[in-house]
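Each step along the sequence shown adds one to the number in the UniProt record's numbering, with nothing skipped, and position 12 is 12.
Note that these hints are calculated values from the structure, not bench results. Quantities reported herein were computed from a predicted structural model and do not represent experimental measurements. A hint or two may mislead.
Unchecked claim - What follows is a list of derived Cβ distance ranges for each label pair:
id: 1; residue 1: 24; residue 2: 44; range: 27 to 35 angstroms
id: 2; residue 1: 35; residue 2: 55; range: 39 to 47 angstroms
id: 3; residue 1: 30; residue 2: 56; range: 30 to 38 angstroms
id: 4; residue 1: 19; residue 2: 44; range: 53 to 61 angstroms
id: 5; residue 1: 29; residue 2: 2; range: 52 to 60 angstroms
id: 6; residue 1: 43; residue 2: 6; range: 54 to 62 angstroms
id: 7; residue 1: 43; residue 2: 5; range: 57 to 65 angstroms
id: 8; residue 1: 46; residue 2: 24; range: 28 to 36 angstroms
Note that CB positions come from ideal geometry on N, CA and C, so glycine has one too.
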Amino acid sequence: MTKALVKLQSRLQSEKGATAVEYGLFVALIAAVIIGLVVTLGESISDAFTSINSQMP
Numbered sequence: 001m002t003k004a005l006v007k008l009q010s011r012l013q014s015e016k017g018a019t020a021v022e023y024g025l026f027v028a029l030i031a032a033v034i035i036g037l038v039v040t041l042g043e044s045i046s047d048a049f050t051s052i053n054s055q056m057p
């Protein structure tokens with residue numbers, strides 16, 4: 001019984017899963033920032049390229 005409790009306790013204290021979750025949250029945050037920038041700046045960048053394109057001979 002004691003060995004089972006020790007194994008359970010060691011699994012609960014393991015941080016391998018927590019690290020994976022932290023990396024996942026970090027990637028999700030970066031993706032949200034990129035999406036926000038594209039939505040916010042997308043139209044103005046498109047307008048800039050349209051303006052440049054219309055000025056070319």
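Verification of the hints:
no. : hint                           : in the structure
1   : 24 with 44: 27 to 35 angstroms : holds (32 angstroms)
2   : 35 with 55: 39 to 47 angstroms : violated (30 angstroms)
3   : 30 with 56: 30 to 38 angstroms : holds (35 angstroms)
4   : 19 with 44: 53 to 61 angstroms : violated (38 angstroms)
5   : 29 with 2: 52 to 60 angstroms  : violated (42 angstroms)
6   : 43 with 6: 54 to 62 angstroms  : holds (60 angstroms)
7   : 43 with 5: 57 to 65 angstroms  : holds (60 angstroms)
8   : 46 with 24: 28 to 36 angstroms : holds (32 angstroms)
Comparing the model with each numbered hint stated earlier shows that hints 2, 4, 5 do not hold.
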